[in-house]
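K.L.:
As a plain string of letters, each chain reads:
2 protein chains.
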Amino acid sequence: MFKLLATDGKARRGRLETVHGNIETPVFMNVGTCAAIKGGVSTKDLLDLNCQIELSNTYHLHIRPGDKLIHDLGGIHKFFNWQRPVLTDSGGFQVFSLAKLRKITEEGVKFASHIDGQRMFMGPEESMQIQSNLASTIAMAFDECVENPSPYEYVKQSSERTARWLVRCKKEMDRLNSLPDTINKNQLLFGINQGGTYEDLRIENMKEIAKLDLDGYAIGGLAVGEKTDEMYRIIDVVEPCMPKDKPRYLMGVGTPCNILEAVHRGIDFFDCVMPSRNARHGNLFSWNGKMNIMNEKYLNDTRPLDPNCSCPACKDYSRAYIRHLIKAKEMLGMRLCVLHNLFFYNELMQKIRDALDGGYFESFYQKYRLILGERNPD
Amino acid sequence: MFKLLATDGKARRGRLETVHGNIETPVFMNVGTCAAIKGGVSTKDLLDLNCQIELSNTYHLHIRPGDKLIHDLGGIHKFFNWQRPVLTDSGGFQVFSLAKLRKITEEGVKFASHIDGQRMFMGPEESMQIQSNLASTIAMAFDECVENPSPYEYVKQSSERTARWLVRCKKEMDRLNSLPDTINKNQLLFGINQGGTYEDLRIENMKEIAKLDLDGYAIGGLAVGEKTDEMYRIIDVVEPCMPKDKPRYLMGVGTPCNILEAVHRGIDFFDCVMPSRNARHGNLFSWNGKMNIMNEKYLNDTRPLDPNCSCPACKDYSRAYIRHLIKAKEMLGMRLCVLHNLFFYNELMQKIRDALDGGYFESFYQKYRLILGERNPD
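Here the protein sequences line up with chains A and B, keeping their order. The first sequence begins at 15 in the working numbering and counts up by one. The second sequence begins at 15 in the working numbering and counts up by one.
Since the hints were made in silico from the structure, they are not lab data. Any given hint could turn out to be false.
Which copy is meant is left open, because identical chains are indistinguishable; a pair holds if it fits in one copy or across any two.
As the list claims (entries may be wrong) - Only pairs whose alpha carbons sit at most 27 Å apart, straight line, appear in this in silico BS3-like list of lysine-lysine:
hint, residue 1, residue 2
1, K92, K311
2, K92, K329
3, K170, K341
4, K82, K311
5, K82, K329
6, K117, K199
7, K82, K343
8, K58, K343
9, K241, K24
10, K329, K58
11, K225, K199
12, K185, K24
13, K185, K124
14, K304, K92
15, K341, K114
16, K341, K199
17, K58, K311
Source: prediction; values computed, not measured.
Modelling step: build the complete structure from the supplied sequences, incorporating the hints.
P.N.:
Now the structure itself:
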């Protein structure tokens, strides 16, 4: 059940009530691909980072350790000891980006596992079955994510097929939620809008899938090759066709500035591997903009990464120490940087929610779109 | 100042008072080579693991980030935010094992850095200067660690040179501790007994260095190629020549069973990379003996690694989950296993101290030498 608590222009302050607790939106989902966050970060750490909802990857967990095992162990929440909401993606993105020898038909996708080459098949029903076994809070529809740019005719055929797949996803999810040994019988299903960078396809697809009255809607197929302005243009075009009373999720996006811009355009949910991927190379987010801790000037800098941050890294360690750890390729360096970046993303969302609650989002947006934008103090 | 609180046979319960607090012995020092514990473990984590004293490596820190930098930042305690004692090794072991193109003279050792091949020199004075810059609680004497077996004549010459080096170490340490800009003017110095597996050389060397009235004495050059029984034989031979009123440190040893056997033979201090190195491969210590979490039988095992353990991994996560993490090569898997193994080592020492305090060490020893020995429930 999604409640809209406040709006400011297109920006929305909402709350999604789930069996695993409430999700205050706008929200950033912390990505734990294989039921573990990169950088040695545990679900216990996620509590310290004020993470509201974790995202795990269906494809990865299906292949290893297997969704049936996780079902037998009581579902993903018990598996990695996390009581708050979990969203699982559909596996589609990985099938199309990681797996080899894939062949798409109306039925679904034949592919070879990226681990051992084993031949596998995934279609809408299989994706729902796997996600039902995982027993996540929110399941994502099985879709084809087409990279940008792709030919108009291909994108048209693909997004129409994805819409037909969505009907099958909903039917299968309804069936699974009614079975006696289903762990989470209240599993939610979000549909995914596709259509590449073609405005007419995006609009047609969004109108079509909106009719299915799903628990939420995502915009997929962005941040996959197109320019940032093009991404914003597509959001602007799709958003008016999205149901106002359902949560909206912009998949795989993005930088702090991208998120702020998308909230301003009416988006509620986000996820991205950027906080952990950047951390690995010492690229850190701060309330003064970006910094790279490898920079020589931090060699003997005893200040925390961000003097305005209260994350576990900033509370206890200096720039000089963390720079040393990253340069020495110590795992602890990556862990501290990931903790910092994830804390920053979660705090950014908290500040956005505070601004919406307090009625000053527009001025917050105008200020931080510059600070979090391209300007770089390094 | 070392106080002997209780004895049971040769086993000793002691307390070393330092400027960074007391060290209750027997004690295991948790190894953080580059001022960071492998497996993404921070000094804050070490507090949760009940670690009393951390060990850092002089050679590594000299090369990166540089001991002068650490001095300018206020010493290693400030650098990695750790208030309890730190022991630094002399750099000798790494100069002889890691560095290339080394040439030994009476003066010291010329070598090439293992990082960038830069030509460097380290002798007794340089080692003391570096350790004084690091400002550790306990500095180790600069020695040559000869691998076993080595020819009698070489070991004789080497251990005699190491003894001459020790005189220079003491002189230099006294000088450094009297300088105004020395951070820890109470830095302690432990001498190191050498002599390979030759009983006469070991005894002669130990008697010689005991005369220097140092703050503690280590047995070096063991666990470097000889059999375990040979190691115990050397300890048995050297121990009677070690001052009773000084702490004794068996360098780089060992398995839980090795440690128990060495405590039984009168040793107080230990360090070893085994807890973290084993953890990387899923080899875990438990109060029922060793286990390898990769074993198929743990696939769906919802119990903690060790039901009798209260470490951060056992408190929150199952064998099935940790097995999955290690198999998926997730950094979190290694971190949880390292936390478990280090906690186990620290708890082992606590139980040994409790047994000595309680006057039941001999029965504890007889029971756990079997449980912690070669028997393996896998």
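K.L.:
Need the list of violated hint numbers for this structure, in ascending order.
P.N.:
3, 6, 12, 16
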